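So the sequences go chain by chain: A and B. Every number in our numbering is 117 more than the matching position in the first sequence, counting from 1. Every number in our numbering is 117 more than the matching position in the second sequence, counting from 1.
There may be inaccurate statements among the hints.
Any copy, or any two copies together, can satisfy a pair, since identical chains are not distinguished.
[Unchecked claim] Straight-line Cα separation of at most 25 Å, SDA-like style, residue types lysine to any residue; simulated pairs: (1) Lys468 - Gln241; (2) Lys178 - Trp249; (3) Lys217 - Glu234; (4) Lys137 - Thr167; (5) Lys378 - Ser326; (6) Lys137 - Lys217; (7) Lys257 - Pro155; (8) Lys217 - Val127; (9) Lys257 - Glu464; (10) Lys178 - Tyr376.
Calculated directly from the structure, the hints in this document are not laboratory data. Computed from a predicted structure; not experimentally measured.
There are 2 protein chains.
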Amino acid sequence: MSWEANVRRVVPYTPGEQPKIDGIIKLNTNENPYPPAPGVAEVLRQTDSTLLRLYPDPDAKVLVDALAETYSVKPSQVFVGVGSDDVLSMAFMTFFNGEKPVLFPDVTYSFYDVWAEVHRIPYQTIPLTEDWHIRAEDYKRENGGIVFPNPNAPTGVLEPLSLIEEILQANSNSVVIVDEAYIDFGGTSCLPLLEKYENLLVVQTFSKSRSLAGMRIGFAIGSEKLIQYLNDVKFSINSYTMTRLACLCGAAALADRAYFKMTTQKIIATREAAKQRLSAMGFTFPDAYSNFLFVSHPERPAEELFRELKQRKIFVRYWNKRRIDDSLRITIGTPEQMELLYAALEETLRK
Amino acid sequence: MSWEANVRRVVPYTPGEQPKIDGIIKLNTNENPYPPAPGVAEVLRQTDSTLLRLYPDPDAKVLVDALAETYSVKPSQVFVGVGSDDVLSMAFMTFFNGEKPVLFPDVTYSFYDVWAEVHRIPYQTIPLTEDWHIRAEDYKRENGGIVFPNPNAPTGVLEPLSLIEEILQANSNSVVIVDEAYIDFGGTSCLPLLEKYENLLVVQTFSKSRSLAGMRIGFAIGSEKLIQYLNDVKFSINSYTMTRLACLCGAAALADRAYFKMTTQKIIATREAAKQRLSAMGFTFPDAYSNFLFVSHPERPAEELFRELKQRKIFVRYWNKRRIDDSLRITIGTPEQMELLYAALEETLRK
Numbered sequence: 118m119s120w121e122a123n124v125r126r127v128v129p130y131t132p133g134e135q136p137k138i139d140g141i142i143k144l145n146t147n148e149n150p151y152p153p154a155p156g157v158a159e160v161l162r163q164t165d166s167t168l169l170r171l172y173p174d175p176d177a178k179v180l181v182d183a184l185a186e187t188y189s190v191k192p193s194q195v196f197v198g199v200g201s202d203d204v205l206s207m208a209f210m211t212f213f214n215g216e217k218p219v220l221f222p223d224v225t226y227s228f229y230d231v232w233a234e235v236h237r238i239p240y241q242t243i244p245l246t247e248d249w250h251i252r253a254e255d256y257k258r259e260n261g262g263i264v265f266p267n268p269n270a271p272t273g274v275l276e277p278l279s280l281i282e283e284i285l286q287a288n289s290n291s292v293v294i295v296d297e298a299y300i301d302f303g304g305t306s307c308l309p310l311l312e313k314y315e316n317l318l319v320v321q322t323f324s325k326s327r328s329l330a331g332m333r334i335g336f337a338i339g340s341e342k343l344i345q346y347l348n349d350v351k352f353s354i355n356s357y358t359m360t361r362l363a364c365l366c367g368a369a370a371l372a373d374r375a376y377f378k379m380t381t382q383k384i385i386a387t388r389e390a391a392k393q394r395l396s397a398m399g400f401t402f403p404d405a406y407s408n409f410l411f412v413s414h415p416e417r418p419a420e421e422l423f424r425e426l427k428q429r430k431i432f433v434r435y436w437n438k439r440r441i442d443d444s445l446r447i448t449i450g451t452p453e454q455m456e457l458l459y460a461a462l463e464e465t466l467r468k
Numbered sequence: 118m119s120w121e122a123n124v125r126r127v128v129p130y131t132p133g134e135q136p137k138i139d140g141i142i143k144l145n146t147n148e149n150p151y152p153p154a155p156g157v158a159e160v161l162r163q164t165d166s167t168l169l170r171l172y173p174d175p176d177a178k179v180l181v182d183a184l185a186e187t188y189s190v191k192p193s194q195v196f197v198g199v200g201s202d203d204v205l206s207m208a209f210m211t212f213f214n215g216e217k218p219v220l221f222p223d224v225t226y227s228f229y230d231v232w233a234e235v236h237r238i239p240y241q242t243i244p245l246t247e248d249w250h251i252r253a254e255d256y257k258r259e260n261g262g263i264v265f266p267n268p269n270a271p272t273g274v275l276e277p278l279s280l281i282e283e284i285l286q287a288n289s290n291s292v293v294i295v296d297e298a299y300i301d302f303g304g305t306s307c308l309p310l311l312e313k314y315e316n317l318l319v320v321q322t323f324s325k326s327r328s329l330a331g332m333r334i335g336f337a338i339g340s341e342k343l344i345q346y347l348n349d350v351k352f353s354i355n356s357y358t359m360t361r362l363a364c365l366c367g368a369a370a371l372a373d374r375a376y377f378k379m380t381t382q383k384i385i386a387t388r389e390a391a392k393q394r395l396s397a398m399g400f401t402f403p404d405a406y407s408n409f410l411f412v413s414h415p416e417r418p419a420e421e422l423f424r425e426l427k428q429r430k431i432f433v434r435y436w437n438k439r440r441i442d443d444s445l446r447i448t449i450g451t452p453e454q455m456e457l458l459y460a461a462l463e464e465t466l467r468k
């Protein structure tokens, strides 16, 4: 026997590449092409660095209060974490603690099965339909919890609130987590359903629509009961997860509603234009409500296109995985970046 | 049955108070009374906030490389996290994954049993001696892992490397974690033992000696094997835990060795003076090598002194817990803050 016998061995999630080279067009991790709201720069300039000697507020009150105001809920209904990955991992740990399998789609955010493995949660994946939709009936079986993104990743497909409510109605004995990382790009949030379902947890992030991937801010909104349970687990792991700077930057991003609206509208407009341009080149894709498109080409393997683009310093995302290995996930960039993408694709397709 | 049947229920750790009122003297959470190195202010001033739209480097290379250089180890021997609490929680989860009990002292950092509970790790506490020391023989029994701080908290008592090595020699089948949060205030780090023991993990923090509690930076140094296992778990939970700002601030703090030496020496000098002053008032305490003292008074209950100080806006730490409920943990502040503390204690003791 050796100390290695006691080690928890896991196969980690592989994040999208964060290349350290200049001059690339980075359309591979769904970052926002626009900088954060101008108030964020002010926070960096004005924060007194001598205060960094002190621990931050363990309750992250500045940020929690700003979220509560923005989403018209009580502060006791808001939980914050180090990106929505931290929030989701903690929610898995807190709420998916039974013996029945947790359900999520077969094609979805590829961190779900990794969290299930690391936290030893039994799970079962449910195939999406041929056209990438969730079928509510599939989630009317015994389970220890349910989680899915809306819009889904990496497809961008949006489900209506009626489907989410149908799933909630059938599952009062499980926590249902709706991962709304991409909801601000044209979807309708299921937050209003919180009034009727105390077992619904809605998770969102500042990494996409708020242009703050670099500050690591995610949050969950739910019933006071759910949030209390989440906080109990959080305070059993790390009292201080959110720095003073993260709280202030997050609050500054929330405060500037006009900037938020302008940048998300620009991304939506660029996405709609991209649908036309890529269609014209022969690409097909599900109709996406996200800041990315999930495209495939009838004549060219996705992996080949991925490599061709990379050679031209354009990074998109490709997975060598069942059902999705013929598609690329392309983040919506600025119109200028997208023109360079179109030119590179046209050149490649001509070859 | 309800969804609550599947909830992981825990009793969280209670961090020291972070009062939001002005004009207090805060000697309750072992923060550094001096600001971080001047280079940290530069980082805040110079960081381009537009970069915050991008995810940080998942490998936190800037910080890991700076730590490797500072401690003369390979970057592959360094793990970083959101404060040493994040690092320790992840190390518990990764390495204490067997069925035998993990061992730690009965009087120690009060987060250890909370992590054991939340991660469902069996554990056994081992009484310290009457004079607050660890006995190596006590750790020569079957176990699933060992963890202790050196110097210990909340006593400040330092153990020699010979004791740590004796424990390591008897425990090649367990991971031994030495939590060196307070090592820079006069102790000798056990980092040199890494050359002989691949199952030793040394954990340190930027929250005390580096004056960066507010940036949440902790780290572990160990064999490449240990660090790889830790990273696998980390990348199974959250790809991006360290913000670009945290990495740059941490590297700036490490770069200024003169400032580090000056501020830690000042704190040590203030602590040694405090030992004399408090002794003269009748307080007793173990000889501490930390940035705090663990004091009791033969004539006055600690809880009463705690309340009296709080009324005078001086916050120290008190636990209503077996074996330590007759003591106060007092963080070493600036000489000026300590004078106010002495005056308040003298006034109280006269009553």
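For each hint, the structure was consulted:
no.: 1; hint: Lys468 - Gln241; in the structure: neither (42 Å within a copy, 68 Å between copies)
no.: 2; hint: Lys178 - Trp249; in the structure: neither (39 Å within a copy, 38 Å between copies)
no.: 3; hint: Lys217 - Glu234; in the structure: both (14 Å within a copy, 22 Å between copies)
no.: 4; hint: Lys137 - Thr167; in the structure: between (31 Å within a copy, 16 Å between copies)
no.: 5; hint: Lys378 - Ser326; in the structure: within (9 Å within a copy, 44 Å between copies)
no.: 6; hint: Lys137 - Lys217; in the structure: neither (43 Å within a copy, 44 Å between copies)
no.: 7; hint: Lys257 - Pro155; in the structure: neither (46 Å within a copy, 59 Å between copies)
no.: 8; hint: Lys217 - Val127; in the structure: both (21 Å within a copy, 21 Å between copies)
no.: 9; hint: Lys257 - Glu464; in the structure: neither (48 Å within a copy, 69 Å between copies)
no.: 10; hint: Lys178 - Tyr376; in the structure: within (23 Å within a copy, 33 Å between copies)
Against the hints set out earlier in the document, violations occur for numbers 1, 2, 6, 7 and 9.
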